[in-house]
Structure formats: structure tokens, C-alpha cells
Amino acid sequence: MIGWKGRLSLTGWILGAITLVFLAYQWLPIFTLGLLSFSGPTGGTTFPMNGTSLHWYEELWRATVMNDFKPPLVRSSLLALACSATTIVLSVMAAQAMRGQFRGNGWFFYLMLLGIMAPGILVGFGFAIMMRLMGVELSWDTTTFLVQVSWTLPFGFLTMLAVFNRFDKKVEEAALTLGASRLTAFRRITLPLVLPGVIGAGLFGFSLSYDEYARSMFTTGPDATLPLAVMAQLDRQLTPEIYAVGTTTTFFSLIAVLFFTLAFWAMRRSTSLRRSSSA
Amino acid sequence: MDALAHDPVEGAAAPAHARPQLDLELINIRKRYGDFTAVDGVSLKVSKGQFVCLLGPSGCGKTTTLRCIAGLEEPDGGDVLIGGKEATRDPPWQRDIAMMFQDFALFPHMTVAKQVGFGLEMLKKPRAEIAQRVQHILKSFEIDGLADRKPASLSGGQRQRVALARAMITEPRILLLDEPIGALDYSLRETVMLELKLLQQRTGISFIWVTHDQNEAFSLGDLVVVMNHARIEQQGPPEEILQRPATAFVAGFVQGNNVFRGRVKEVLAGMLRIETPVGMFLVPWVAPPPMLGSEVSFSVRAEQLTDALSERHVNRLSAVCTAVEYFGAVRRHVFERSDGEVLKYDQFGAHAARIVPGQRTVLGWPAEAAVLHAGAGQ
Chain C
1 MIGWKGRLSL TGWILGAITL VFLAYQWLPI FTLGLLSFSG PTGGTTFPMN GTSLHWYEEL
61 WRATVMNDFK PPLVRSSLLA LACSATTIVL SVMAAQAMRG QFRGNGWFFY LMLLGIMAPG
121 ILVGFGFAIM MRLMGVELSW DTTTFLVQVS WTLPFGFLTM LAVFNRFDKK VEEAALTLGA
181 SRLTAFRRIT LPLVLPGVIG AGLFGFSLSY DEYARSMFTT GPDATLPLAV MAQLDRQLTP
241 EIYAVGTTTT FFSLIAVLFF TLAFWAMRRS TSLRRSSSA
Chain E
1 MDALAHDPVE GAAAPAHARP QLDLELINIR KRYGDFTAVD GVSLKVSKGQ FVCLLGPSGC
61 GKTTTLRCIA GLEEPDGGDV LIGGKEATRD PPWQRDIAMM FQDFALFPHM TVAKQVGFGL
121 EMLKKPRAEI AQRVQHILKS FEIDGLADRK PASLSGGQRQ RVALARAMIT EPRILLLDEP
181 IGALDYSLRE TVMLELKLLQ QRTGISFIWV THDQNEAFSL GDLVVVMNHA RIEQQGPPEE
241 ILQRPATAFV AGFVQGNNVF RGRVKEVLAG MLRIETPVGM FLVPWVAPPP MLGSEVSFSV
301 RAEQLTDALS ERHVNRLSAV CTAVEYFGAV RRHVFERSDG EVLKYDQFGA HAARIVPGQR
361 TVLGWPAEAA VLHAGAGQ
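Protein chains in written order, with this note's numbering: chain C, 1 to 279; chain E, 1 to 378.
These aren't lab readings, by the way, just hints derived from the structure by calculation. Worth double-checking, as some hints may not be accurate.
If you only want the chain E side, here are some residues facing chain C, beta carbon under 10 angstroms, derived [unchecked claim]:
hint, residue
1, Arg89
2, Pro91
3, Gln94
4, Ala98
5, Asp103
6, Ala105
7, Leu106
8, Pro108
9, Gln115
What follows is a list of derived Cβ distance ranges for each label pair [stated by the list, open to error]:
hint, chain 1, residue 1, chain 2, residue 2, range
10, E, Ala183, C, Leu258, 37 to 47 angstroms
11, E, Arg89, C, Met93, 23 to 33 angstroms
12, C, Ala97, E, Val330, 53 to 63 angstroms
13, E, Asp148, C, Met93, 33 to 43 angstroms
Away from chain C, derived, C-beta distances all over 12 angstroms, residues of chain E [as the list claims (entries may be wrong)]:
hint, residue
14, Arg95
15, Gly145
16, Ser318
17, Gly358
18, Glu368
Heads up, the beta-carbon is just placed ideally off N, CA and C, and yes, glycines get one too.
Chain C with its partners taken away, still in its complex shape:
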């Protein structure tokens, strides 16, 4: 017989193993794609790899008009940055408004969340129809931008609500009694304290917009975003070049995540957000 502490550590090992299996399940496909993207010029999209080379990355770089991924990549990046910035501003404002407990804030909350619940294809399609009726030209930097913000905003909003939920409002009040106006108190006290949440909202905005397919499908007009371009290429011909695209963007995402993780870590070292405050 083992004691309950022994069983506890056994449980820990089992759950740990399951977690590792899950992480492998999550990451191995991407790793496989990454590996295949380095296959030789005659290589296919499945194993075995025919030699190793950077051929498909070179292909990616000197692309023809037909399969050039660079313009969609630039569009998607710009779109994601714009969505990220918009999400940050609007979600901080909306969460601040929720703190004020205005009349109908419950309805506002649920309407915001509707953006998460509503199926993307329908939202995109409905939006495209409405724009057509209104005579608005569809384009990735106007219509797609709008419809994507309606998707990314609720995530940023929820993030900011959670952050403000454990925010000690006495700290703001202390600043007011020390002579800070509301704007100064927000700039000097509130914003620095919720900055990790703001960055989180921004990351949501970026990553959700960057790989959004359903909402972009009907709304981009003639110039496609990266997910649409990849999808179109898949329809035409399947080469490891697609894998090279995936690997490249994953690589840049990892760098971005790493950067923000480091920033978080540095900030946590200098600020302890977890205050010993109740209520």
C-alpha cells in the first residue's frame, strides 16, 4: 500500500504524461510540416523526404504573380496590426465603461459576446451582402478590417474585464486625492497597472485577425489575405512551398510570443500585480 501522498505524486505523474502526449499532438503536425518544407527540389508533400534543401524557401522568395505570397503576407500583417491596435483601444474603453455600471451594461456585455458566438461564415457572408446593398466596395483594408474587429474585440474585452476585475480601484482614488485629474490618474496609475492585460488584448487582436479565414472569405474583394492565398494555392497545386509559408509565419509568431513573454517577465519582476487586496 502507498500512502495518500504517494498516490498524489502518482496522479501527478500520470496527468503529466497525458499533458505531454497532448502537447505532442498539438505540436508534431506543425513540426512535421516544418521538416517537410526543407525537402529537396524533387520532394513531395509527404514522407519520405527527397533530400534536404532550402529550395522551397527560395521558391517562396522568387515567386511568380500566380503564387506570390509576399503581398498577402504584408496585407495580413498590416490588417492584424490594425485589428490589434483597434482592439486595444476599444476593449480598454469598453471595459472601463463596464466598471462604471452604466444602465444596460448587462445587455452590452451579452451583445459584445455575440461576436464570439456568431458563426464566422455567416457573419462574413451577411456583412458582404449588406455592404453590397449599401454600395460599398469590398476591400481587405476596409470591410475585412471592420468584420474582423467585431471578432477580435470581444476577446480583448473579456481580457480587460478580467484584468479590471482584480484591479484595486482605491489606487486610482488615492491618485485623485493626491491631486491627479482623471486623465492623469489613468495615464500614470491605471494604464501601467493593467498593461499586461492590454498587451494580452493586443495579442488576441493580432493572432485572431492574422489567421482568420471564414470572415475574410467574402469580404476582402480582389486582394486576398494570407489564409485566403494559402487556401487558393492548396486548390491549385500542393508543393512543399505551402509548408515553407507555414513554417515562416510560425517562426515569426514564435519570435513575437517570445518577445512578449520576455516583456511580461521583466514587468512582473518590477511590478507585483497580485496585491493583497480583497474586494
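Here the structure of chain C is known, so what remains is to put chain E in place on it, guided by the hints.
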């Protein structure tokens, strides 16, 4: 009354200035949250450099009153005058006040030096002056070694000092303190209380101190304001509140009072004969005397009772002792009255114990020891 501290703007008699300026005046402050009345008709005058304690149970409106003074809440009615100037609608940042919060509300992302200088920064003082004044106040509060630390790495006592330094550095007219030592270890409180009292006397800044702890209120306050259910029950110097509680609530809230409720049976010369569920008692009245048959309450302090009776002790009561607590200077006996209420009897001085738990004893007190309450019998 504080004529010395008053502006020396005189020469001829200045009738407009005849009244000594008050640091704070509250006139009939009212504040409601939906159906809940938090503050109801609170009026208060604080003269220059006064130490005022707002005392009351939680939810009595003392903190809301304080927040109305700070400008963090806007009263629904009434006026707030700070330094004689109308300030009811002024935002907090335009008021000549500072506030210390219960859990100190330090800025977690700023170093001690930075946040102590925050108030001066808001006043747009030059950088060099801020640095110098911060240095000075940190030194005088003996926390200059902590200047570069963040709040998370400070102990409770150190945080309290930082919060105080941050509030005091701009030398406000009034310092508002919301349970300022409630978050400290019990062993620290006595020391900190004494320090704060000395600081207040030295600086001449008016302190308005909110607490539910009567020891704090009575040992610190020049003026103690007892609140209950959004209203002021009584205000006055500590001695007055301890010796002459004005209402049954105050008598019951302040430690060491025995409260009795009954009906006026007879009005004599200077005395009432009051019938209570536990007997008839003589209680002196102050003008105007209550009506015959009206409901009244009165209280007797626990140390005014005795079990060594003489003919002076005209009010007598028999009760069963349930517990004896010994505090060194005082031995407190807890009795149960025949109506189930508690009766307390304090015996001062190191006398030998005379009463043991379970014993039935007759206790008495002289008629003049009882205090009749106003706001009859509620």
C-alpha cells in the same frame, strides 16, 4: 477658539472675519445609494488643527461621510465647506485634502520615493524641489532607506509610513484617514497611534479619522463623532461621550455601560422613577423632564456599580454572576439580569475577588450615577 492660528489680517474690527475660520464644515450632508441611505443629515464643524474621530459600527456611514469630504462621492444634498470655501461639487484633485486608505492603496508600480513625490509632481513643482522634499520627509519618517523599494517588498508598518508620507508631503489642510491602522499588527498599533497624534499636534493639520475601534477614537480624538444608521448620534469630547452618553445606542456601543429601558412612573424633584422589567430605579432628569408614562432609557457605567451597599445606593438589582474577567487594574464581572440581558460590574484596584461565577448578588448604585438618554427609548 483658535485665534492665534488665524490670519493676521486685521487692524480695525473686521466683522466678516469675526468667526474663526473652520477647516471643515459639513452642513446637512445626505447620500443615498438606491434605496439605501448611507448618510442622512450629517452636520459637523472642524476647527483649525482639530483631531476628529468618526466612530461607529460598520455600515453606519462614517466612511461615506469621509468620501464625501474627499470628493470621491458627491452628496445628494447638503454642503461641504473646506477652509470656509464651498467645495461640495469640487473634484477630489481640487480640494485641499489628502487621504490615507485602509490598506494604504500604494501604487504597486512606483518606488517609494516616486510615489511619495507624486502629490508634488501633480502640483507641477520643479524636479529638484520634489527630490529634496521627498528626501526630507522620508528621513523624518525614518524610511529613507526604502526610497528605491517597491511596495510589494515592504512590511505592513513600512507601508503605513509610506502612505502617510505620501499624503502629508503636500501639507494639506485636512488629512482624511480611513481606518488607518486597521491593517497593522496589533502590537504596532499603540506605537503608531501615539506617533500620529504627535504628528498631528506638531503639524497642525486637521485629522479626520474613521474607525470602529473606540479605544482609538477616545484616546486620539479631540472631538469624537458617534454615528449609527447614517446619522450622528452624538458628538463631543471623549469625556462627555464616555460619561454622558446621549442615546441608548451610544451607551450600548461604548464599552462599560449598562443600558436600561423602561417607562416613567413618577416625576419627582430632579428625579424620575422609572419602571423597567428588572425593577424600579431613580434616575436624575435634565430639563425638560419626560412625560409621565413615556418610554425612556438610561445607563449606568459598570464601575459605578457596587456590591458593598450602603443607603446611598438607592437603586438595587439582584443578578447571577456568569463570568469574572481579570485585567490587572480592573476585575470585570458579567451578570445575567432577570430579563436575560447582560449586566457588567467593574471593580477597580487590586481587591480580593468577592464574587464567584454562579453566585447571586445584589448590586446597587447611587441615583446620580445614572444618565438619562435623549431620543427617548428607541
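These are the hints, each one checked on the structure:
no. : hint                                      : result
1   : Arg89                                     : violated (15 angstroms)
2   : Pro91                                     : holds (7 angstroms)
3   : Gln94                                     : holds (8 angstroms)
4   : Ala98                                     : holds (6 angstroms)
5   : Asp103                                    : holds (6 angstroms)
6   : Ala105                                    : holds (4 angstroms)
7   : Leu106                                    : holds (8 angstroms)
8   : Pro108                                    : holds (6 angstroms)
9   : Gln115                                    : holds (9 angstroms)
10  : E:Ala183 <-> C:Leu258: 37 to 47 angstroms : holds (40 angstroms)
11  : E:Arg89 <-> C:Met93: 23 to 33 angstroms   : holds (26 angstroms)
12  : C:Ala97 <-> E:Val330: 53 to 63 angstroms  : holds (57 angstroms)
13  : E:Asp148 <-> C:Met93: 33 to 43 angstroms  : holds (35 angstroms)
14  : Arg95                                     : violated (8 angstroms)
15  : Gly145                                    : holds (20 angstroms)
16  : Ser318                                    : holds (48 angstroms)
17  : Gly358                                    : holds (43 angstroms)
18  : Glu368                                    : holds (48 angstroms)
Hints 1, 14 from the list above are not met by this structure, while the remaining hints are.
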